Each structure stands twice: as structure tokens, then as C-alpha cells.
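Novice: Could you put together the complete structure from these sequences and hints?
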Amino acid sequence: MQELHDAPLAPLTTFRLGGPADRLITATTDSEVIAAVREADDSGTPLLLIGGGSNLVIGDKGFAGTAVVIATKGVTLDGTRLELSAGEVWTDAVAGTVEAGLAGIECLAGIPGSAGATPIQNVGAYGQEVASTITEVVAYDRVTHETVTLPNADCAFSYRHSRFKADPERYVVLRVRFELEDADGLSAPIKYAEAARVLGVEPGDRVPLAAAREAVLKLRSGKGMVLDPEDHDTWSAGSFFTNPILTAENFAAFRARVRERLGEGVVPPAYPAGDGHTKTSAAWLIDKAGFTKGYGTGPARISTKHTLALTNRGSATTEDLLTLAREVVAGVRDAFGITLVNEPVTVGVSL
Numbered sequence: 029m030q031e032l033h034d035a036p037l038a039p040l041t042t043f044r045l046g047g048p049a050d051r052l053i054t055a056t057t058d059s060e061v062i063a064a065v066r067e068a069d070d071s072g073t074p075l076l077l078i079g080g081g082s083n084l085v086i087g088d089k090g091f092a093g094t095a096v097v098i099a100t101k102g103v104t105l106d107g108t109r110l111e112l113s114a115g116e117v118w119t120d121a122v123a124g125t126v127e128a129g130l131a132g133i134e135c136l137a138g139i140p141g142s143a144g145a146t147p148i149q150n151v152g153a154y155g156q157e158v159a160s161t162i163t164e165v166v167a168y169d170r171v172t173h174e175t176v177t178l179p180n181a182d183c184a185f186s187y188r189h190s191r192f193k194a195d196p197e198r199y200v201v202l203r204v205r206f207e208l209e210d211a212d213g214l215s216a217p218i219k220y221a222e223a224a225r226v227l228g229v230e231p232g233d234r235v236p237l238a239a240a241r242e243a244v245l246k247l248r249s250g251k252g253m254v255l256d257p258e259d260h261d262t263w264s265a266g267s268f269f270t271n272p273i274l275t276a277e278n279f280a281a282f283r284a285r286v287r288e289r290l291g292e293g294v295v296p297p298a299y300p301a302g303d304g305h306t307k308t309s310a311a312w313l314i315d316k317a318g319f320t321k322g323y324g325t326g327p328a329r330i331s332t333k334h335t336l337a338l339t340n341r342g343s344a345t346t347e348d349l350l351t352l353a354r355e356v357v358a359g360v361r362d363a364f365g366i367t368l369v370n371e372p373v374t375v376g377v378s379l
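Under the numbering used here, think of the first position of the sequence shown as 29, with each following residue one higher.
It should be emphasised that the hints constitute simulated quantities derived from the structure, not laboratory data.
Watch out, some of these pointers could steer you wrong.
Listed next, the in silico DMTMM-like pairs over lysine to aspartate or glutamate satisfying Cα-Cα at most 25 Å (straight line) [what the hints assert, rightly or not]: (1) LYS193 x GLU258; (2) LYS246 x GLU258; (3) LYS321 x GLU347; (4) LYS333 x ASP315; (5) LYS89 x ASP69; (6) LYS89 x GLU111; (7) LYS101 x GLU174; (8) LYS193 x GLU111; (9) LYS89 x GLU31; (10) LYS193 x ASP315; (11) LYS193 x GLU67; (12) LYS307 x GLU258; (13) LYS251 x ASP348; (14) LYS101 x ASP212; (15) LYS333 x GLU371.
Because the structure is a prediction, the values reported are computed rather than measured.
Specialist: Here you go:
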């Protein structure tokens, strides 16, 4: 277990932003993770857990407490059952399942971060989300001081949400278990229309696993969503805002605002979201509110490849980023009456 003091946190995040931590511990085993967490809790020291750093916005003043990097390693594949230690690199894990001929997470290729973060956010993209394949999450319970195993049904998964995200001070994810599918080298049914188009198939069709993964990587790369240190469009947290889910009443009001602002013939994106709710597109809202690709003149700008990504052009501060985010939120609210919600976790700052 490595320990540093007044340690820079910016290099540990994909934004490359944020000040230092008073103390930084790198834990490489479950027992080291638990020991570091218990020590912080017992002493009343603020605690920050860091995985791949792809969903973190850390304030310029840094973190006055103990930051723990979860760097545990371990991959166990038994038939169609997969177990990943929390510190495993997610992109590598996806590639490994494709190579093993197992379907279920191949369309989650290219998503930066660690395996342990996937259940927290219920990571999803291109028609798949981890809630569909996770069977259990092994976590340290900071309240009972025990290691617990939570079955899928107890994780309260929903769109970009989970029990772990709802109660971030309680659970520390240690391992994640999945049940994948052996479909003779074929993918799960392709659900996302854009992916189906790139693959030249119809939604619902299966394709070779490697083809599905490559198609998703191609789509993500085109949007600046695959990490590349030379490309400032990838100095981001991916999608900065979640897609709004609206009640029937709120969606009707939204449609009226769209007609008023953009004309009778303009129909906003709409996807069923269960229980009479409708999901619309945050990227569409941002674009139609006037924040197009590349928007901004300062060191923090909207990606030139995707309106949903806010980026550090190389010399930004966290405050630069938040200023841009607040401008986008206010503009979308003024235009359409919808308040966007940030997807990344903020540390020491807020919108």
C-alpha cells in the first residue's frame, strides 16, 4: 500500500483537473482497501474513493482528506460467469470477454474507468447496461463494518443509478460478478439503431462479437469518447449530463416549448422510459439551445465531436469547466424548461 501526502489528483482523472489530496493511498488488495477506508472512518477523516477517474470533477482546491485509489486486480472466468476486482480496467475486461466468445457487455467497449465503478453508475451505452448482466456486487459496508454480497435485485438499478450511487457514503465496491451468454461467438441482439446501421443489420440481429465491439469503438472514437492523450476532445468525463426523464405532463410542456421556439414541424427525441415517463436527449437539448460542437472560447469548451462532452483544452481549471457547465444548464432551462443534471461526481464543488 503506497502513501503520499499533498499528492496531485488531476493526473488520476480523465479531465486532468483538480487540486491535491492531503493524503493519497493506493490500495492493491481488498484488505488494503478496507483497512484504508476503516482508518479514515474511525478517525473522522473525509474519504474520496478513486477508480479510473473517468467520472470525477475535483475542485481546484483539491481534497482535504484521504483519497484512496482502488488498484485491485483479478479476473476470474468460469464458464459464463465472470468476476472482476474493482480496480480492473473496464475496457480490458470487455475485450477479454469478447476474446472468450461471451456476449453481454461487448457494446460497453471503450468506456473509460474501472470495473468497480460500473454498478455505481449502472454504466450503459449502445443498448446495453451492466444491470442486465451483473448477478452480485461484493462490497464493504461502512455502516456495519462487514463485507457483504448484494444480489442484483438488491442493487436498485435504474437509468444511470443504483443503490450505491443513492448512498455513496455507505458501500465500497470490491468485486463485481456477471453472468454472460455463450451464443456461439455472436453478440447479444443489437438494440441500438446507430450501432445496427454501422453493422449493416436490423435491430434485434446478432453479429460476431468482435464486429460489435469494433463498431462501438468506431462510433465512440468518432464522438471523442475513447481516451487519447493527444486528443483534447477526450479530456472529458464522456457524457457530462444525463438524458432527462420526464413525466407525461412535463413532456407535454416540453413539446410546447419546442414548437414555440423551433416551429411546428420540429419533433424532439422521445423514448419510452416506463411508468408513463419519456426520456429525451440531453445532446439534442444542448445543441438546439445554441451550444453546438466546439462551443466556447476559453480553455474549457464543448467537444468538437459531441455536444454532450465538456472538455479541458489543456489549460483549464475546474472553475473554467463549471462556468461552462452552468452556462449550458441555464441556456437549456431558459430554452426548454428542463434542468440538466450532471453525470460526473463533483468533489468540493457543485453546479
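Novice: Each hint should be assessed against the structure and marked as holding or not.
Specialist: These are the hints, each one checked on the structure:
Between the alpha carbons of LYS193 and GLU258 the distance comes to roughly 32 Å, so the proposed pair goes past 25 Å and is violated. Proposed proximity of LYS246 and GLU258 is supported: the alpha carbons are some 17 Å apart, at most 25 Å. Our distance criterion of 25 Å between C-alpha atoms is met by LYS321 and GLU347, whose separation comes to about 20 Å. A C-alpha spacing of about 12 Å is found between LYS333 and ASP315, which places the hinted pair at or below 25 Å, so the restraint holds.
At most 25 Å may separate the alpha-carbon atoms for a hinted pair to count; LYS89 and ASP69 meet this at roughly 22 Å. Between LYS89 and GLU111, the direct Cα distance comes to roughly 37 Å. Violation of the 25 Å bound is thereby established for this hinted pair. Between the alpha carbons of LYS101 and GLU174 the distance comes to roughly 21 Å, so the proposed pair stays at or under 25 Å and holds. Using a Cα cut-off of 25 Å, the hinted pair LYS193 and GLU111 holds, with the two alpha carbons roughly 21 Å apart.
Only pairs whose Cα atoms come within 25 Å are accepted, and LYS89 paired with GLU31 is accepted, the gap being roughly 20 Å. Taken as a hint, the LYS193 and ASP315 pair is broken in the structure, with Cα atoms around 28 Å apart against an allowance of 25 Å. Simply put, LYS193 and GLU67 have alpha-carbon atoms about 22 Å apart, close enough for the 25 Å limit, and the pair holds. Taken as a hint, the LYS307 and GLU258 pair is broken in the structure, with Cα atoms around 34 Å apart against an allowance of 25 Å.
For the proposed pair LYS251 and ASP348, the alpha carbon gap of about 22 Å is at most 25 Å, so the pair holds. Among the hinted pairs, LYS101 with ASP212 is inconsistent with the structure: their alpha-carbon atoms are about 28 Å apart, more than 25 Å. Restraint check: the Cα-Cα separation between LYS333 and GLU371 comes to about 19 Å, which is no more than 25 Å; the hinted pair holds.
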